[in-house]
Amino acid sequence: MRKIISLAAGISTAVAMTATGSVFAAGTIKIGDINSYTRLPGHTVPYKKGAQLAIEEINAKGGVLGKKLELISRDDNGKPGDAVKKAEELFTREGVALISGSLFSHIGLALTAYAGQKKKLYLAAEPLSDALVWAKGNRYTFRLRPSTYMQAAMLAEEVAKLPAKRWATIAPNYAYGKDAVKAFKEVLKAKRPDVTFVTEQWPALFKIDAGAEVQALLRAKPDGVYNVTFGPDLAKFVREGKLRGLFKGRTILGLLTGEPEYLDPLKGEAPEGWIVTGYPWYAITDPAHKAFVAAYQKKWNDYPRIGSIVGYNAMLSVAAVIKKAGSTDTEKMVNAMEGLNLDTPSGKVHFRKIDHQSTMGAWVGKTKLKDGKGMMVDWKFLDGKNYLPSDAEVMKRRPGK
Amino acid sequence: MGFYFIQFLTGLASASSLFLIAAGMSIIFGVTRILNFAHGSLYMLGAYISYWLVTTLTPGPLGFWLAVLAAATVVGLVGIVIETGLLRRIYQAPELFQLIATFGVILIISDITRFIWGETDLVGPRAPGLDGAIEIFGHSLPEYDIAMIVLGPLVLGIIWLIFHRTRWGTLVRAATQDREMVGALGVNQAFLFTSVFFLGAFLAGLGGAAQIPKGGADLLMDLNVIAEAFVIVVIGGMGSILGAFLAAVIIGELNAFGILVFPQMTLVLMFAVMAIVLLVRPWGLLGRPEAVSRAPGEAPEPPLQRADKAVRCLFTATILLLLLVPLFSSDFILVILIDIFIFVLFAVSLHFIMGPGGLVSFGHAAYYGLGAYGTALLVHYLGTPMEFALIAAPIIAAIGALVFGWFSVRLSGVYFAMLTLAFAQITWSVVFQWNDFTYGDDGILNIWPSAWLSSKTAYYYFALILSLVCVYILRRTLFTPFGYITRAGRDSPLRADAIGINVQRQQWLAFIFAGAFAGLAGSIYVFSKGSVFPDQVAIPQSIDGLMMVLLGGVKTLTGPIVGAAAFTALTDWLSSNEVWFWRSILGAIILALVILFPQGIVGFVRDKFRPPEERG
Amino acid sequence: MSTVLIANGLKKSFGGVKAVDDVSFEVEAGHLLAMIGPNGAGKTTCFNLLNGQLKPDEGSVTLEGQQLVGLTPRQIWRLGVGRTFQITATFGSMTVLENVQMALLSHNQKNMAIRAVVSNLYVDEAMALLERVGMVEQSGRACSILAYGDLKRVELAVALGNEPRLLLMDEPTAGMAPRERIELMELTAEIVRERNISVLFTEHDMDVVFGHADEVIVLNRGQLIAKGAPDDVRNDAQVQEIYLGSGSTFAA
Ligand SMILES: Nc1ncnc2c1ncn2[C@@H]1O[C@H](COP(=O)(O)OP(=O)(O)OP(=O)(O)O)[C@@H](O)[C@H]1O
Ligand SMILES: [Mg+2]
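Residue numbers (this note's numbering), protein chains in the order written: chain U, 1 to 401; chain D, 1001 to 1616; chain S, 2001 to 2252.
Do not rely on the hints blindly, as some may be mistaken.
[To be verified] Straight-line distance between alpha carbons at most 30 Å, and here's what the computed DSS-like set of lysine-lysine pairs gives: (1) U:K185 <-> U:K118; (2) U:K221 <-> U:K191; (3) U:K61 <-> U:K323; (4) U:K396 <-> U:K348; (5) U:K323 <-> U:K49; (6) U:K119 <-> D:K1456; (7) U:K332 <-> D:K1456; (8) D:K1456 <-> U:K118; (9) U:K48 <-> U:K68.
Read the hints as simulated data drawn from the structure, not as lab findings.
Kindly produce the complete structure, drawing on both the sequences and the hints.
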């Protein structure tokens, strides 16, 4: 039997890969980018487009520290283990200065742990998990997008003014859904001690049995429903909810539902009158943002999604931190990032020293159907810094940091 | 009262869609004995094609249903392409080899779909004429639900008529009951298989197409439906169409009412029901016990031989090379190699029960995951030192294997595979949904090795030596009475029983033994990554293991080693160098390997060198 | 002479078919008892009842006074009943030698051993058995590539592995050339005598039956229709009728 021959062959291919690795280009600073490109392309592709646009603009203006930025992308296959491996590869073989990206919370958390252990800078662009900067936060991890807590707090503030008292929640049964419901209950209860939560529904992620779930919500006779489902689950939930009359005469909240990634696929089915967090890119009149939209549409022949602006802002943050640190040394960059201020198309962003959360804000408004498409109307931009707990509370939630 | 009635009808509507998903899979399995993992992909294609037809043509009520049928027909034709272009070439390959092939198909179809329709989720248009709701007892029920409630039994009835009123249907039923006999009767088996594949794929497409008014089309639906389809097929009885319907109704209603009582437990419920059914009626509600028959042409492997001198030299050289790697290579190569060591151990442990044990487990990830989670939970909650956690992990995995295995070894063949899958899915659901204890999807973080192993190089040597030792133990065990007697039970249960061997107990022990090593692999993995997540227990983890073993060659001892190394290196290399279409490239490579080396890589090499007399 | 095995009132039916219908007989120590009958008479079913593969609907089987009904084949084997199958059952992925070693390992309660390797265990004993059945030259070949007649010899060697008191041999010479059959039966008879084993065998070849059996029992449609010394049975009118009716050549 010819054992082992092929094993040796396999190993030697692996070894041969060393040779092809790491060519450090002299005039560039490499930025590692890890995202779920094949698992959730609908969300990650706009992110990458935004990031690439920013890189292009930064380089056109001469780059950073006299060097050009280069984005090196990797697919994490939707798996945290793969993401960590890709991070390792980016640092050791590609020689990136830092890594950014990721969308899924659990992948963000895996990279957070990795960054903490290896003492490498990680800018978590999109993942929402509160634990990322609090319970499991560390010196080397920063987060750009407003967290689950912040967005839930924004919604809770909106509905605290409304009469609805009996609340029901529906959220995918995994960490993000649980976080989102917990934060919402916490903030709303604090503002309105008289509300009660009459039922919680927890469909399995992307396996919602929408008709049955809607019935279960109806049975509890709530005044308001807080929805955290997204993607295909959301589409099914909206359709069944409409047909079965769940939304009639009730206050409905949708966490992230106003983001184009979630709202646009619904087309004419988009719900009306929901109070949502989202991204009304078409209606924002701020000149910096208009310039961003124009540049984006010109480059990609497509309109921006929330991922696009987050990707864009992420690269602005990366450039700003390297500039402020004056080097790509990790410790210097981390020190520079604590308290970093920058201007973005969505306003001023500040990376807090206390918990490494940025104060990037979010848009809250109502959904409306226009020309067979879901839009946000009556929206306002809420600055993230007003929707974080007190510093003392944050210290409690970020133990030993 | 009205509420419960509506809930019941809602359950029936989802039962119909479940039935449509599962029916085709059941028929295909019944006749061809192929577990078509790509069934979900066909379902997804059906959804996309009908979405495209309905939104571009915007037909009226009749046109809508014609579009649904057209989409299903196209998918049926895709099924024919898959069967004639691919599966037909490998019917002679070892049982379950087709499984890998269908997995390659999943990867390719997924990329093609993304290429054609883009990455945005598509929300299906409502069905013309059925876009409202009706009032029943003061509750609204969508009209389309009623259409679905009718559609399921309608399709069931049509299939029944085809099966009982046509000559072709009689043949299909005969083949489902006894495949060999149909071959003996001189029926054109190739035509029968192709046509059955068409019907199965057509039904998958129909299922996908008919559900767009209730959902739509998205790129994750292929894998999202496959587990459910398995559950329905298995509960109903593989090959039994009426059984599939019954199972769909049970699961549909269980979901509808289950969420009222246990809103958090839907996933666990479904797999728990499957496990219970398998225990009470292993062949499903309306299935028949599987006639124990090895696929014709499947020759037993040649007798075990100790490695000869050349091979031993090569092996020593490889180990020496691996020992030297840290001196000249980057950290990242070490990372990949550590992964390879872990997967080699995982694959070799799976091979132990698959090859010598003759039991194909679809749920080996359960034991890998138990080891991984056992480790992480011990470290996280009790601050257990790494050294102790590494010892505890295989014990925890072995305890899991002891419990699950005790039930599983009572079954054989595909039913064994399904029960192990059910147990793995139960484990996964618990890990995924029991947030308070396991942190669910967030995983458990910061599980790093002790200080003396904190450098990559140190951990590399540690993982290398540990997996070498374990692989050696697993391999050596095959040469001991324990290994031989296990193999005896596989070769001929009849003879083994007649010479005093307790085959079931032997299989059980082998299962536990293999599970323990898988658990150790999981534990090494956790410390190498510093974290653990539910995907370590998920179906893809089990499938990866199967791929490694089968690609390397299940009838060889080195096969799983080579398979694991090749598969890990390949996926890694592809996904680093080609961000967008690496999965379809991987799929194509898998298909090429399957067609060119149906004995697996090592099996192929061995056949080249084996004296002709010994060839099967 | 003492009785080794007593079957009493055995019954077994499958659906409506009475495969074995009230069959009783004894096997004397050191005897070769032939069970004959046309195809489908119930011979194999009867064997399956004796070695525990099937549970009789009624009746009892005792081995030197011990009740066998309700025991599993492996328990019955441990009591000293060896079996060969009508369609040979061997371990195809093992060599001839290893097949015999399996029986020896099991007999010596070594099934769970994980220290010693099989290639060092009971090799001499196994070779001795192979020597006895004339398979020494082929001991290193895989069972999957053996000729059918050789497989039957391997089965015999395997069946001898636990020093049985009783051998159940279901058509031990099926599929062999006539010369081989006689040889194998002579060999069996020799072994049986030297080790004082009793044998119950079924056989369609009447030369073999009348050349070697000490006693013959005849089954037809599940019923025992004759029993006695070979010559008596040969001359039994009912037996002759069955065999003539079935078209088999009966006269020796
Ligand atoms: N498992 C079974 N299920 C149903 N019927 C069976 C089964 N086993 C045997 N039979 C039937 O029982 C009867 C006796 O069969 P058996 O195999 O014992 O006959 P036999 O005497 O050994 O025949 P042969 O000489 O062909 O080997 C036959 O009619 C057979 O069809
Ligand atoms: Mg017989």
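Consistency of the hints with the structure:
A threshold of 30 Å between alpha carbons decides the hint, and for K185 of chain U with K118 of chain U the separation of about 36 Å lies outside it, so the pair is violated. As the CA atoms of K221 of chain U and K191 of chain U are separated by approximately 22 Å, the hinted pair is consistent with the 30 Å bound. In summary, the hint linking K61 of chain U to K323 of chain U is supported, as the alpha carbons are separated by about 13 Å, within the 30 Å threshold. Between K396 of chain U and K348 of chain U the CA atoms are separated by roughly 27 Å; this keeps the pair inside 30 Å, and the hint holds.
For the suggested pair K323 of chain U and K49 of chain U, the alpha carbons sit about 23 Å apart, so the restraint of at most 30 Å is met. Between K119 of chain U and K1456 of chain D the alpha-carbon distance is near 14 Å, which keeps this suggested pair within the 30 Å criterion. This hinted pair checks out: K332 of chain U and K1456 of chain D have alpha carbons roughly 24 Å apart, not beyond 30 Å. For the given pair, K1456 of chain D sits about 11 Å from K118 of chain U by alpha-carbon distance, which is consistent with the 30 Å threshold.
Distance hint between K48 of chain U and K68 of chain U is fulfilled; the C-alpha atoms sit about 18 Å from each other, no more than 30 Å.
Hint check: a violation occurs at hint 1 only; the rest are consistent with the structure.
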